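Chemist: Listed here are the chains, written in short residue letters.
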Amino acid sequence: MLSMSKSVFSRMTLQGTLYARNSARATPATAHLEGDTLRLFWEDGQDVQSMARCELSEPMGETARTLVLPDGQRLEFQDPAALRALAEWETATGRSSLYGRVHWLEQRWAAVLVAGCLLLAALGLGYFKGVPLLADRVARKLPDSVSVTVTDQALGILTKILRLKDSTLPAERRAILETQFRAMAAEMDPGSGRNYRLVFRSTLIPNAVALPDGLVLVTDKLVEMSKDDREIYGVLAHEIVHVRERHGLRSVLQNSAVFFVWTLLSGDISTVAGAGAAVPTALAESRYSRRFEEEADLGAAEYMVRVGWGTAPLRNILSRIDPEDRHLGGVEEIFSSHPMTEKRAQFFDAYEKSRSGH
Amino acid sequence: MKEWYYALNGAQNGPVDGTEIQRLRAAGILEDESLVWCNALPEWTAFRFVPKEFFEEPAPSAETGLETAAGIESALPAGQTAVDRTERELAFEFKGGAGEYFRIWIVNVVLTLLTFGLYAAWAKVRTRRYFYANTLLGGKPFDFTGNPVAILKGNLIFGALFIGYNLLLQFYPIAAIGAFGLMLAVFPWLIWKALQFRAHNTVHRNVRMRFHGTLGEAYKVYLGLALLVPFTLGLILPYLGFRQKRYLLNHMAWGNSRAEMRGESGFFYLTFFKALGIQVLVFMLNIALWIGAFAGLKLAEKADGNPPSLIFALVGLGSYLPMFAVALYYQVRTGNYAINLTQWAGVGRIRSTVRARDLLWMYLSNAVAVLLSLGLLAPWAKVRMARYRASRTLLVVSGDPDQVAQEVAREESALGDAGADALDVEVGF
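Chains A and B are the protein sequences, given in the same order.
Under this note's numbering, the first residue of the first sequence is numbered 595, with each subsequent residue one higher.
Under this note's numbering, the first residue of the second sequence is numbered 2, with each subsequent residue one higher.
No lab work stands behind these hints, which were simulated from the structure alone.
These numbers come from a predicted model, not from an experiment.
The C-beta atom is built at its ideal place from N, Cα and C for all residues, glycine as well.
Mixed in with the good hints there might be a few duds.
What the hints assert, rightly or not - Among chain B residues calculated to face chain A with C-beta under 10 angstroms, some are:
1) L9
2) Q13
3) N14
4) K96
5) V111
6) K141
7) P142
8) V150
9) G182
10) L185
11) V187
12) W190
13) R259
14) A260
15) A379
16) Q407
As the list claims (entries may be wrong) - With a straight-line cut-off of 25 angstroms between C-alpha atoms, the simulated DMTMM-like cross-links for lysine to aspartate or glutamate are:
17) K96(B) x E652(A)
18) K53(B) x D403(B)
19) K96(B) x E888(A)
20) K821(A) x E936(A)
21) K821(A) x E649(A)
22) K759(A) x E682(A)
23) K96(B) x D814(A)
24) K154(B) x E656(A)
25) K154(B) x E772(A)
26) K947(A) x E879(A)
27) K759(A) x D673(A)
28) K299(B) x E265(B)
29) K299(B) x D916(A)
30) K815(A) x E772(A)
31) K815(A) x D746(A)
32) K947(A) x E888(A)
33) K735(A) x E936(A)
34) K821(A) x D916(A)
35) K96(B) x D673(A)
36) K275(B) x D359(B)
37) K947(A) x E781(A)
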């Protein structure tokens, strides 16, 4: 049955438009296709060619196809019947190509649906598992010199944009904090050989920043705002976790991956959706960032409970840094790089209770 | 007199005159989609694609021309020219469908991701072919013949530049500034290459397009003049826009029909200052709006302490939208002007009647649709845009289209092969 239909279908008659070499004059033409032989008839001429020497454009939906003959003649097929006949001739003669297979997929809604679901699954898996895992691996492989360079550059940039000035805190106070910091780092990240050091700078906002090679920057304002040194130690524990887990490099790597995949995906979207097209990357990157913050919070809470200080100092300093009662959930949260303050306080509270319960 | 034929219930009727055709349409016997034909049309055409002027009886002199097109020049008295120069309008039409393109798009996306971006070049060729081949001029399709490898080359160069730049930015931000300058310096070369590539690979009626602008002028209009913007307080902007448009259009050719842009920079300045005037007005309104919003905020805080972020969202949108609209107005007006004043030697001219307000509505509704559908409606939006642009573009041909096309094609064999060392990058034109 199959071989019979093959012999029937390998002989085709198609209506098309012919352009002679170097001519834009459209002439209606009839093409007979049989095996590899193309016989062409038009109002005042005819021609025989081998299909192997012709260039046939790829099938694509109901789109017109062209056949360029070796002598520069060009045949255009727009008629649906001609397009069908061409497809049948290709099947019958066993011609296939990359785009031919792509076309096979495109013609089938079911295949498209399966491909779409696979795509979603791959994207989900990549986003939640693949990218974080890969970034972690790569961050571990990177030589220490990378961390050092990034730290140098980042400190330079921070100094400029935050207008950092030399600390005005008394030297003894800084020495006490730094000694405690080194002890904490040695306890929380033993044997890593990282050059943990505490740097004080003065600026308007209370903040602490961990840089990849172990430099933790604390602003005078944060120290002044604390009512108890344990509050500062809680923040430092949080920053040590950032350094220990290489969050800085991992986040650079993860965000690059998100950006790369988004560029591939959004080629068409960005042109029609304008600035809105940047929203998904912002969403994806802020979720990664919140994950790292949560991990650092957990590490800090573990440390504080272990040394017997409890998480109260952490909650206190948080509420003082961010006194505005920020609401939970909503649009604000999903774009935020940190979890909402209230949520973090709740987490510290719940963590301490669960530990004391045991 | 033009003899019209029309298709009704599967049968051919006629001949009748143009007035009768219009009467039949008005009476509802013919519909917008009904096929009609007269000897001035290249083929049977839907009523709605036939320009109104076609139904009106031409002046006697023009009538001779039409008769000529019908092939009875032997009847002309000796000495009278047989060349038909009657103006006709050929419609652009986009006949692609959202459902069809959706499937092409999603298969492209899946394959691109599976190959970590390598397939992107093949995907781009397929997309471009889809949009070219479904754009018809006078019923005849365009074709895109670009080689994916050329696009892959462009992608790799761009990717390498981008990654290199970002690495520098992470590790040596100061060096990145230098690298940025270097990228600016290659930018005109990339545009020049891409223009050649695109024109060379655009085929209509077996005739290729060609871009013969020089690299020197590319550097002048995309870098040299652009560097003057800060020193002239932006006053050079309209002139810059004019020179860039002229560079694009003045060096295009279809076969041996060279395009010549006859516009003046004066129109760009006029439109620019009109747009600027509106912008200033909008800006002042905005200031009033912001003051009002802040006052409202203070009141609301006193009342119940809830920050009304909705007010800010609305005010933000209120300031962004008019800015976008005014920029679009300038772009569309000058774009239409440049296209409409470009004469294609021996062929005629393109008439674009794209309207800023239509585009504004389409951009906004597309953005909302694409965002709400998580990107799934992007193919639909793209098809919709192509359909709109085609529906507002015409080619005004002086003469019988087939005859004109034939003349244009003569020198085609003399074209150099610009496709040989081609590379293509995505730059907005």
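Chemist: List, from low to high, the hint numbers that the structure doesn't satisfy.
Modeler: Of the numbered hints, 1, 2, 3, 8, 9, 10, 11, 12, 13, 14, 19, 21, 22, 23, 24, 25, 26, 27, 28, 33 do not hold.
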